[in-house]
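Take any residue in the sequence shown, note its place counting from 1, add 7, and you have its number in this note's numbering.
By construction, these hints were calculated from the structure, which means they are not laboratory data.
In this text, a Cβ means the ideal position worked out from N, Cα and C, and glycines have one as well.
It is possible that some hints are incorrect.
To be verified - Simulated DEER-style distance windows between Cβ atoms: (1) Glu40 with Glu170: 40 to 46 angstroms; (2) Ile29 with Ser126: 37 to 43 angstroms; (3) Asp142 with Glu61: 34 to 40 angstroms; (4) Asn18 with Lys39: 21 to 27 angstroms; (5) Lys110 with Lys39: 23 to 29 angstroms.
Unchecked claim - In silico DSS-like cross-links for lysine-lysine, where the CA-CA straight-line distance does not exceed 30 angstroms: (6) Lys20 with Lys47; (7) Lys80 with Lys96; (8) Lys173 with Lys57; (9) Lys81 with Lys110; (10) Lys115 with Lys193; (11) Lys80 with Lys136; (12) Lys181 with Lys96; (13) Lys81 with Lys28; (14) Lys139 with Lys115.
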Amino acid sequence: MICIVDYHLGNFKSVLKAFEKINQEVIISSKKEDIKNASKLILPGVGSFKQGMENLKKLSLDELLKECVLKDKKPILGICLGMQLFASKGYEGGECEGLDFVKARVLKFDLSREKLLHSGWDDLQFSSKKSKIYDGILEKSDFYFVHSYYVECLEDIETSFCEYEKPFCASFEKDNIFAVQFHPEKSQNFGLRLLENFANLKV
Numbered sequence: 008m009i010c011i012v013d014y015h016l017g018n019f020k021s022v023l024k025a026f027e028k029i030n031q032e033v034i035i036s037s038k039k040e041d042i043k044n045a046s047k048l049i050l051p052g053v054g055s056f057k058q059g060m061e062n063l064k065k066l067s068l069d070e071l072l073k074e075c076v077l078k079d080k081k082p083i084l085g086i087c088l089g090m091q092l093f094a095s096k097g098y099e100g101g102e103c104e105g106l107d108f109v110k111a112r113v114l115k116f117d118l119s120r121e122k123l124l125h126s127g128w129d130d131l132q133f134s135s136k137k138s139k140i141y142d143g144i145l146e147k148s149d150f151y152f153v154h155s156y157y158v159e160c161l162e163d164i165e166t167s168f169c170e171y172e173k174p175f176c177a178s179f180e181k182d183n184i185f186a187v188q189f190h191p192e193k194s195q196n197f198g199l200r201l202l203e204n205f206a207n208l209k210v
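Make a model of the complete structure from these sequences and hints.
Given below as structure tokens:
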């Protein structure tokens, strides 16, 4: 059973529907017993870094996730804001400590574009460390992005990059921790394949 961690910030139902399309048994829950008993976890999310961490703390899920992921080595996939919350620190909504699953920080795009929101379809460039979740997915495949902040990794964990005036980390992998900045649940066949790869992982 895969559990989508519900911390009241994002459209979790679209992620659930994507897993249902690939015939995976998935639940949405903020109950500690569901999270502990799950074989894998998904942390999606849309919103600010600070609000995300505040919600996790209010629900007492931050320490539970650290126990499940860092101690018990349960596989987890972070999507968009979920990916960002894995970092050590973020600045959206004010400086805030993250879950610190990986050494990274979350920064705002500081670019010459009038529109700083990176939104829409964009393709990926794989790093030399191609992630297991990209099995069967070709480089330059398009995925759907919506974000104005990005993850700057402070350790060598990036598995793909995307270009938005400059390259930024589109995904990373560290042991049982997987994360993508884009929305696989909105990325049609390539996104479904990525979710299926994660569901079938043996970590």
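Exercise. Okay, which hints does this one fail, numbers in order?
Worked result: Number 2 - this is the single hint that the structure violates.
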